[in-house]
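Enquirer: Chains as they are written, first to last, in numbering that gives the first Met the number 0: chain V, 0 to 147; chain W, 0 to 147; chain L, 0 to 79; chain C, 0 to 79.
Worth flagging that the hints you see were computed from the coordinates, not collected in a lab.
In this text, a Cβ means the ideal position worked out from N, Cα and C, and glycines have one as well.
Careful, some of the hints might be misleading.
Facing chain V, from chain W, some residues (calculated, C-beta under 8 angstroms) [said to hold, decoys possible]:
(1) A23
(2) G32
(3) V35
(4) L37
(5) D38
(6) G89
(7) I93
(8) G94
(9) F111
(10) E115
(11) L116
(12) W139
(13) Q141
Each chain, letter by letter, is given below.
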Amino acid sequence: MKETEKRQDFCELTTKPLNVGEIARRIVLPECGATVTLDGYVRQWTKGRETLYLEYEAYESMALKEMKKLVASVRERFEISAIGIVHRLGRMEIGETSVVISVSAPHRKPAFEACELLITELKRTVPIWKKEFYVGGEVWVQGEQPQS
Amino acid sequence: MKETEKRQDFCELTTKPLNVGEIARRIVLPECGATVTLDGYVRQWTKGRETLYLEYEAYESMALKEMKKLVASVRERFEISAIGIVHRLGRMEIGETSVVISVSAPHRKPAFEACELLITELKRTVPIWKKEFYVGGEVWVQGEQPQS
Amino acid sequence: MMKVTVLFFGQTAEIAGKREVEMLFAESTAANVAFAKIVEQYPKLSENKLLFAVNQTYANGDEIINHGDELAVFTAVSGG
Amino acid sequence: MMKVTVLFFGQTAEIAGKREVEMLFAESTAANVAFAKIVEQYPKLSENKLLFAVNQTYANGDEIINHGDELAVFTAVSGG
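For reference, chain V alone in the conformation it holds in the complex (with noise of 0.2 angstroms):
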């Protein structure tokens, strides 16, 4: 059953338009009930100051590597049955999807709480960068430090 359930989990890295409703459903299964997604999109306004686009770029082998680290341990802590994680690369208009991270669980508790979890995580050991231009400037955005 375990193994079953390993091969739904999926880490993808692209450069296309992310559909986020297409993600989620492809982690159903049988014995789910609830499916908990986090869409992560380019915000324009942060603290009163315009974001005009993000540009994305990632360690690809790496991140892959980091990001089925990260799946391998959430799933070990939580009652969950699928992970499916997707970042986009390149460059993102305001709204537009960067990542994509849902969790299919029997019960939706451990599901909320593996989602949360993964994009903390993701957020600060996968191996991306983004680069915000707004009017005037373009700056590489600071992520924190992972602790090792």
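On the provided structure of chain V, position chains W, L and C as indicated by the hints.
Expert: Below, chains W, L and C alone, put in the same frame as chain V:
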């Protein structure tokens, strides 16, 4: 601003299949960077018992009123931007979505908290009932009692 | 006498054998009195823990019923 | 001497002016020694807090570098 945001909220009942991605994307606003979505659907297996399908019915006018009250009260408590709730009624097959709750926010943490509270309270207070059809029988699923 | 509409849903509709009925109550009847009369009329309802609503709002029982009000009797909700 | 590939991303790629370079190290060089040499070659890198990886895994510095290894130098990640 509060007024502008409120116009984005929606509570709906429908007998048509739900499109989780479409619902989630309807509440994306310029100040938002994250949407958390719960997709609740028909589970086939519950502790070794097989469900064939479910039938949902609602006290529609009161259900919409309770959903709107719930949205208003959750809005007060969290730094969130918009809430969308759609519940499907009628017969639903295995894996088909019965409810979608989406919450958008500038930052993800309150969106997770609000989404989880919304589904917990919806299940406790919104007058909707489901009947489970299984091999050899059918039963009205017993809900929790709301404390007034 | 005042005329009110009484609605049943799910399990209570199955027990009552109908989804809607009109009933007459004396002026100034309190909700808990009205609901007790409804349950008296469909005694099998009392085998379940019941919830009551007056005009699409959960009732605490103190409400005074008015002509034309919409009452509802149902079991614990199970949506989601 | 061993040949390794050194990768830069985002801000470190801008500072180094390249995304990839080959470098030579003595046999049995530890990762922290190798990374110190890389930073020496591109001194502006040291203006940032840096993270290091060996073969697509975060390095703690103790790793012994082998011929053909893939090293990477980058700033705190900011995906999501």
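Enquirer: State for each hint whether it applies.
Expert: Taking the hints in turn, this is what the structure says about them:
At a threshold of 8 angstroms, the smallest CB-CB gap from W/A23 to chain V is about 5 angstroms, leaving the interface hint in force. Among the interface hints, the one on W/G32 holds; its C-beta lies about 4 angstroms from the nearest C-beta in chain V, closer than the 8 angstroms criterion. Annotation: W/V35 was flagged as interfacial toward chain V, and the flag holds, the nearest CB pair being 6 angstroms apart, inside 8 angstroms. Here the hint on W/L37 is kept, as its CB sits about 6 angstroms from the closest CB of chain V, short of 8 angstroms.
Satisfaction of the interface hint for W/D38 is found here, the shortest Cβ-Cβ separation to chain V being roughly 4 angstroms, below the 8 angstroms cut-off. The closest approach between the C-beta of W/G89 and any C-beta of chain V is roughly 18 angstroms, which is over the 8 angstroms cut-off, so the hint fails. Annotation: W/I93 was flagged as interfacial toward chain V, and the flag holds, the nearest CB pair being 7 angstroms apart, inside 8 angstroms. A least Cβ separation of about 5 angstroms between W/G94 and chain V falls short of the 8 angstroms threshold, and the interface hint therefore holds.
The interface hint given for W/F111 is met, as the beta carbon of that residue sits about 5 angstroms from the closest beta carbon of chain V, less than 8 angstroms. Interface hint at W/E115: satisfied, since its Cβ lies 5 angstroms from the closest Cβ of chain V, which is below the 8 angstroms cut-off. Because the beta carbon of W/L116 sits about 10 angstroms from the nearest beta carbon in chain V, more than 8 angstroms, this interface hint is broken. Using the Cβ-Cβ criterion of 8 angstroms, the hint placing W/W139 at the interface with chain V is not satisfied: the shortest such distance is roughly 18 angstroms.
Here the hint on W/Q141 is broken, as its CB sits about 16 angstroms from the closest CB of chain V, past 8 angstroms.
Going through the hint list in order, the structure does not satisfy hints 6, 11, 12 and 13.
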